[in-house]
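Given chain V, work out where chain Y should sit, using these hints.
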Amino acid sequence: MNDAYAWAAIGVIILASTTGDVLLSYSMKRVGDVGELWKQRGVVAVIGRILATPTFALGLMAMGVAFYSLLFGLSWGNLSLVVPASASLTFVANAVAARIFLHERVGRRRWIAALLVAGGVILMAV
Amino acid sequence: MTFRKYLVLAGITIFSTAGDSLLARGMKNLGSVSLHNLSGLLLSILNPWVTAGILLLLAFFTCYMSALSWADLTYVLPATSIGYVLVALIAHFSFHEQISPTRWLGIALIAAGVGFVAAGPSVTPDHERSNFRSTSPDTISPDVSAEVKS
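Residue numbers (the working numbering), protein chains in the order written: chain V, 1 to 126; chain Y, 127 to 276.
Some clues are possibly wrong.
[Stated by the list, open to error] If you anchor each label on the Cβ, the simulated ranges turn out as follows:
hint	chain 1	residue 1	chain 2	residue 2	range
1	V	Val96	Y	Ser147	21 to 31 Å
2	V	Phe67	Y	Val213	15 to 25 Å
3	Y	Ile225	V	Leu58	34 to 44 Å
4	Y	Pro251	V	Asp3	44 to 54 Å
5	Y	Ser220	V	Leu58	35 to 45 Å
6	Y	Lys154	V	Val44	15 to 25 Å
7	Y	Asn155	V	His103	43 to 53 Å
8	Y	His218	V	Val44	21 to 31 Å
9	Y	Ile180	V	Ala8	37 to 47 Å
10	V	Met61	Y	Ala178	40 to 50 Å
11	V	His103	Y	Thr128	20 to 30 Å
12	Y	Ile225	V	Ile112	39 to 49 Å
[What the hints assert, rightly or not] Reference excerpt, derived from the structure (chain V facing chain Y, CB under 10 Å, subset only):
hint	residue
13	Ile50
14	Val65
15	Val121
[To be verified] Okay, the calculated bits of chain V under chain Y, using three or more residues with CB under 8 Å as the criterion:
hint	segment
16	17-29
17	72-83
Calculated directly from the structure, the hints in this document are not laboratory data. C-beta atoms are modelled at their ideal positions from N, C-alpha and C, and glycine is treated no differently.
Chain V extracted, bound-state conformation (with noise of 0.2 Å):
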């Protein structure tokens, strides 16, 4: 019963955190360098722009989901279960998500850097 309660929550975590990333991305990729906006026109400035992309928005709010799915899972499943299952499963739907929205270009050696950490996660946890 617990176990069905955990893997829901691990479910739910790979999706709102992959929503949440790729939302991310594509709003800070909108800012622009924040760096260099900083040096230019000051930190009022970044924080304004962050603020005034909608994507931003609905960003944080997935990440709020899979946070608290986290906080659901960890207390339903055990630590070695809920947070090597839901991380590792994550980047892999990231680098799929991040392919098709974002249009990165993720090539073999992408593909390999994510298939690898995903595989050392679960390794790490057995």
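Relative to the frame of chain V, chain Y by itself:
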């Protein structure tokens, strides 16, 4: 990639690892949280471990947003996953926890993955993204443009 940018990536790694650890510690103290006890979940923020964890995660978020403004998501995520390795190594050398051969293999895989992605380019050039409309070309730093061209 400048030194400052590597520092931001290091910040992501350290703040997220430390923040997650504190949060996990706090939630274990509190015991099981259920859907029928939502006030318990909201009150969990008052636990000092949870509060400290959230503060560190805010620092992580600031670094993460900065990194995403000049690097690809598929670069930042694998590159900062070295935190898993750090936790295991600290546990081994400071707290003398035993690390099984499978865990050593996991550590090796993650380290290899981080090396693979870090050796490659950190950002996809704008003109290769069909969906991307750059709103502020003047804010792209010279070293990013240089890296993109090479």
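Check: What hint numbers does the structure not satisfy?
Finding: 6, 8, 9, 10, 12 and 14
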